[in-house]
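Go ahead and model the full structure; you've got the sequences and the hints to work with.
Residue numbers (our numbering), protein chains in the order written: chain A, 13 to 242; chain B, 609 to 1017; chain C, 75 to 483.
There's no promise every hint is true.
As the list claims (entries may be wrong) - In silico DSSO-like pairs for lysine-lysine, Cα to Cα no more than 30 Å straight-line:
#, chain 1, residue 1, chain 2, residue 2
1, B, Lys775, C, Lys145
2, B, Lys977, C, Lys334
3, B, Lys804, C, Lys141
4, A, Lys97, B, Lys918
5, B, Lys977, B, Lys918
6, A, Lys141, A, Lys203
7, B, Lys763, C, Lys165
8, A, Lys141, A, Lys88
9, B, Lys763, C, Lys334
10, C, Lys141, C, Lys334
11, B, Lys804, C, Lys334
12, B, Lys775, B, Lys804
13, C, Lys145, B, Lys763
14, A, Lys135, A, Lys189
15, B, Lys918, A, Lys135
16, C, Lys145, B, Lys804
17, A, Lys135, A, Lys88
18, A, Lys88, B, Lys977
19, B, Lys775, B, Lys763
20, A, Lys203, A, Lys135
21, A, Lys97, A, Lys203
22, B, Lys775, C, Lys141
23, A, Lys141, A, Lys97
It is worth saying that the hints were derived from the structure and are not from the lab.
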Amino acid sequence: MSAVRCVNLCKTYRQGDQDIKALDHVSIEIDEGDFVCLSAPSGGGKTTLLNAIGGLDIPDSGEVYVAGGRIDNLSKGELADLRLKQIGFVFQAYNLIPVLTARENVEFVMQVQGVPSAERRDKSNAILKEVGLEGLETRRPGEMSGGQQQRVAVARAIASRPALVLADEPTANLDSKTADELMELFTQLNKHHNTTFVIATHDQRVMTYAGRLIRMLDGRIVDDIDQRAA
Amino acid sequence: MHLFGILLRLAWRNLWRNHRRTIIMLGAIGVGVWAMIFMTALTRGMVDQMITDSIGVLPGHVQMHHPDYRDDPSISNRVSISDAALNEKFDDADFEAWASRVRVPAVITSERESRGVTLLGVDPAAERDISFFDYDEVEGRFLESASDQGIVIGKRLAETLETEIGKRIVLMSQDPENDIADRGFRIVGLYSANTKAIEQAYAYIGKTTAQKMLRVDDATTEVVFLGEDYRNVEPVYEAVTSAVDDTVLVQRWFDIDTYLGTMLGVMDGFVLVWVVVIFLALSFGLVNTLVMAVFERVREIGLMLALGMKPASILGQILIESMFLLALGLAVGNFLAWATIVPLQDGIDISVVAEGMEMWGASSMLYPKLYASDMILASGVVLLLGFLASLSPAWRASRYEPVEAITKV
Amino acid sequence: MNLVFRLAWRNLWRHPRRTWLTTGAMVFSNILLVFMMSLQFGMYSLMIDNSLQIFTGHMQVQAPGYKDDQKMRQIVPDIVPLANEIRDELKSERVAARGWAFALASSEDRSFGIGVYGVEPEFEARVSNIPGLVSSGRYLTENNAAEIVIGTVLARNLRVEIGDELTLLGSGVDGSFAAAVVDIVGIFESGVTDIDRNIAEIPLGIFQDTFFMEGAGHQIVVVVDALDVVPEVQASVRSVLPVSSNLVVPDWDEMMPGLKQAIQADIGSSFFMYFILVVLVSFSVLNTQLMSVLERTREFGIVMALGLRPGKLGRLVLLETAMMGLIGTVLGAAAGAILTSWFTTNGLAFPGMDEMAAQFNLPARMFPQINLLTLLAGPAIVFMFTMLAAIYPAVRLRWQNPVDAMRVA
Chain A
13 MSAVRCVNLC KTYRQGDQDI KALDHVSIEI DEGDFVCLSA PSGGGKTTLL
63 NAIGGLDIPD SGEVYVAGGR IDNLSKGELA DLRLKQIGFV FQAYNLIPVL
113 TARENVEFVM QVQGVPSAER RDKSNAILKE VGLEGLETRR PGEMSGGQQQ
163 RVAVARAIAS RPALVLADEP TANLDSKTAD ELMELFTQLN KHHNTTFVIA
213 THDQRVMTYA GRLIRMLDGR IVDDIDQRAA
Chain B
609 MHLFGILLRL AWRNLWRNHR RTIIMLGAIG VGVWAMIFMT ALTRGMVDQM
659 ITDSIGVLPG HVQMHHPDYR DDPSISNRVS ISDAALNEKF DDADFEAWAS
709 RVRVPAVITS ERESRGVTLL GVDPAAERDI SFFDYDEVEG RFLESASDQG
759 IVIGKRLAET LETEIGKRIV LMSQDPENDI ADRGFRIVGL YSANTKAIEQ
809 AYAYIGKTTA QKMLRVDDAT TEVVFLGEDY RNVEPVYEAV TSAVDDTVLV
859 QRWFDIDTYL GTMLGVMDGF VLVWVVVIFL ALSFGLVNTL VMAVFERVRE
909 IGLMLALGMK PASILGQILI ESMFLLALGL AVGNFLAWAT IVPLQDGIDI
959 SVVAEGMEMW GASSMLYPKL YASDMILASG VVLLLGFLAS LSPAWRASRY
1009 EPVEAITKV
Chain C
75 MNLVFRLAWR NLWRHPRRTW LTTGAMVFSN ILLVFMMSLQ FGMYSLMIDN
125 SLQIFTGHMQ VQAPGYKDDQ KMRQIVPDIV PLANEIRDEL KSERVAARGW
175 AFALASSEDR SFGIGVYGVE PEFEARVSNI PGLVSSGRYL TENNAAEIVI
225 GTVLARNLRV EIGDELTLLG SGVDGSFAAA VVDIVGIFES GVTDIDRNIA
275 EIPLGIFQDT FFMEGAGHQI VVVVDALDVV PEVQASVRSV LPVSSNLVVP
325 DWDEMMPGLK QAIQADIGSS FFMYFILVVL VSFSVLNTQL MSVLERTREF
375 GIVMALGLRP GKLGRLVLLE TAMMGLIGTV LGAAAGAILT SWFTTNGLAF
425 PGMDEMAAQF NLPARMFPQI NLLTLLAGPA IVFMFTMLAA IYPAVRLRWQ
475 NPVDAMRVA
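Right, here's the structure in full:
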């Protein structure tokens, strides 16, 4: 069973008095355990596609399946549940809730899911250690560097062991060394937990980490390369 | 419950994120709530005093008369139950005090002046707890028995009549046959009251003496009953009504003095209006604070929604934050009210406007009354209306589209 | 428009919701202030007018001590000629002479002690509204007719009707026995129980004959058009008094000190409430302006780095506040004026007001009185406090270091 399947997705935005086709008959299928990069110039449709897969945005037409279930016809509440339980998110910035500490941010999703506190604490400690933030558990986002913040975000995204992690420009605000470290972390998690990663980026270096690289332009898939084969 | 825990934590921490704004708001709510309770306590104190004073003069919480007595307060309209029968009926009843008395209009004449007064023939032993003045504070002495031959009048009346203790006056009224009934009395005591009007109004003689003078055997015109609390006169009222038939008219204090009864109701209304007005003045600031708080946090709210938090939880989070703010403000306000009212409970001297207060029916000392029920009322209204006022900003926050909110710059 | 003005104006509308909420608080308070003050002052002038119009008038000519003691022998000699002189001096007909005596009024089967006024039928209606309140029969017409008008309650208590005879018994100015038989020609109803029960009026001629007054009376009542001319008229009246006499001319406040004090007490408590309202609005403004300054810290840092003095920015903040305050003042005063004028024509009543109103001789419906003072005083004070509240946020800018300010994200 594929992790993600999109059939004929279309999505048009209005910007000013111009219609922008963000998605123009896009169909893709992503296997479980894949490490996929979506690459496109700004406005190329990658974020829209990512949001459609994550149930944050409903396409105008077409179908989206996540873990075999169709999601484009779900209600808002059902979509929220889907995001909560099956998908991990890493955004470009403002990933963390400023008033919560690193650990509390990692535990956030689990807490909303209703995971008991002892279990939450064990998991969050383990994951923070895994992403290399041991000792920073009680810091608040404002007291951490950009790279550290993104690690917390990653830790949160994978804490509840989602089958699918969606990341939108996760390295955009990071220097190259930190970006590399983050991508190493992603690849490791992909290998160890067989988590499916879909990363939208226009950062060349990020793309080199991808097992599969999908290029988009003006809402259409123009290229789909399996880099592992190459 | 896990969810509620995280909502509480988020709300509490968010509240202190912009501590300046929160402190200003707390100040505003504190002052507002203080003003609500303080003003209410003053009003309550004034009305309480007014009513207690007036009931003291009335007197009693419940009175019984001949049905025609109100329109025609003459000895002809006597209570149809003889004094002996009244004693039998009520002597064992569970009242704070009760007394039967002769109350008729009369003319009092000294060597120099005449005035109209209300003649009261009383049994001093029965009236000790009902009387509005302390027998021991009467200048000279109060009546010693129902058959006392002396008369006690107000200080002011004595001045008007240019008379004094030891001097004689003549009291004139009518007997049941409408013949003039008059008698000379020696003044044995002068009483003081809160107002000059009361000191002019009543002349006390012994009940038996009065009955002899008016030639009515053991009949009386008024029976007064005192219960525990003027706010709860129904038990007394019911006990009295059930013991008598409709040859007499039984009335509660607020039936007799409708101004007082209305005053109590109007003041209750005023308290509520005042609380609501203050709240409305506060509500603009409260809503403003919440709107700003939500506005500043659009991205976080978007993030939480994107991560799968339900809109209802966002709504709850903002409402909890608002409730925290209000609860803290209420704590501040209630404490301030308590701290300012308690030292004033010995009374505030407002004698500069004494005669004006007399017009309102109040006395020149104001004793603020801090009732728990008023604090609860004010706090309840603030929480309830505050909750309603917070709904709109909270609702707006929960309606954000995660994608739009998260990318909002 | 000047650049600074334009800048301030645009800044104001960056957060329209916030600006409107803050102005909303001002508008709310202003409406309340305008309405309440108009109502209050409307009520006060009615209270004064109505209380004075019943009997007291704006000033009286009396023997010294009369206002406190009301004794028979404290007379104004040759009262009718003196009243005529005063009329000539003031060129006003609103001057009337009176006598007052206590008397026992007896009907066929009831007697009550009452106060009897001897009045000039021709002039009494110009100084008192009792003649206009005669609800059945007619008022007195002749100065020497043996006639009387009494209050409704007294009529009920005496069980008499128009056409019945009343016997008045009392003592004359010299202490001798005084008696008269008069016909009831009119019954008046003032609505104030005390007056309707205790007062009767007979022509001054009969009064002087009955009580052996020998041309004397007790009071000359003078009514003027407005309260503020009272002192002036008082002086003119004094100038007419015979040099040898020791007569005094107390004004209404001396005769009814309770009235002014009741008003003062009421003003005191309402000003406390107004003050609280204004303080709450100031909190709201303080909060908004502080937020608006804090969120622009970075922006301010940049312009300061460019060389703008912090003082200029402070003035910008004050200008923004002034604009906001002006909107609140204008809208609030306008809305307050509209609301108040509606009630000015339609009147305002609330449950329980009848009894309250009767206590103060007020009609059961209140009409607010709007004037420039009641319209502008409240909004002006709100505006002033608004500006005061903006001082802290504006001054705070001076402590700002441009580099620190720019670093704030």
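We went through each hint and held it up to the structure:
Pair hint B:Lys775 plus C:Lys145 holds up; C-alpha atoms about 19 Å apart against a cutoff of 30 Å. Between B:Lys977 and C:Lys334 the alpha-carbon distance is near 26 Å, which keeps this suggested pair within the 30 Å criterion. Note on B:Lys804 and C:Lys141: the hinted pairing holds, with a Cα-Cα distance of about 14 Å set against a maximum of 30 Å. With a C-alpha separation of about 13 Å, the suggested pairing of A:Lys97 with B:Lys918 holds against the 30 Å cut-off.
At roughly 47 Å between alpha-carbon atoms, B:Lys977 and B:Lys918 are farther apart than 30 Å, so this suggested pair is violated. Restraint check for A:Lys141 and A:Lys203: the C-alpha separation of about 17 Å stays at or below 30 Å, so the hint holds. Annotation: proposed proximity of B:Lys763 to C:Lys165 is violated, straight-line Cα distance about 43 Å (limit 30 Å). Taken as a hint, the A:Lys141 and A:Lys88 pair is broken in the structure, with Cα atoms around 34 Å apart against an allowance of 30 Å.
Between the alpha carbons of B:Lys763 and C:Lys334 the distance comes to roughly 26 Å, so the proposed pair stays at or under 30 Å and holds. Our distance criterion of 30 Å between C-alpha atoms is met by C:Lys141 and C:Lys334, whose separation comes to about 17 Å. Proposed proximity of B:Lys804 and C:Lys334 is supported: the alpha carbons are some 18 Å apart, at most 30 Å. Restraint check for B:Lys775 and B:Lys804: satisfied, since their Cα atoms lie roughly 21 Å apart, inside the 30 Å limit.
A distance of roughly 16 Å separates the Cα atoms of C:Lys145 and B:Lys763; the hinted pair therefore holds under the 30 Å criterion. A threshold of 30 Å between alpha carbons decides the hint, and for A:Lys135 with A:Lys189 the separation of about 27 Å falls inside it, so the pair holds. Taken as a hint, the B:Lys918 and A:Lys135 pair is honoured in the structure, with Cα atoms around 23 Å apart against an allowance of 30 Å. With a C-alpha separation of about 16 Å, the suggested pair C:Lys145 and B:Lys804 falls inside the 30 Å cut-off, and the hint holds.
With a C-alpha separation of about 28 Å, the suggested pair A:Lys135 and A:Lys88 falls inside the 30 Å cut-off, and the hint holds. A distance of roughly 54 Å separates the Cα atoms of A:Lys88 and B:Lys977; the hinted pair therefore is violated under the 30 Å criterion. Only pairs whose Cα atoms come within 30 Å are accepted, and B:Lys775 paired with B:Lys763 is accepted, the gap being roughly 14 Å. Straight-line distance between C-alpha atoms of A:Lys203 and A:Lys135 comes to about 19 Å, which keeps the hinted pair within the 30 Å bound.
Restraint check for A:Lys97 and A:Lys203: satisfied, since their Cα atoms lie roughly 21 Å apart, inside the 30 Å limit. A hinted pair counts as satisfied when its Cα atoms are at most 30 Å apart, and B:Lys775 with C:Lys141 qualifies at roughly 25 Å. At most 30 Å may separate the alpha-carbon atoms for a hinted pair to count; A:Lys141 and A:Lys97 meet this at roughly 22 Å.
Comparing the model with each numbered hint stated earlier shows that hints 5, 7, 8, 18 do not hold.
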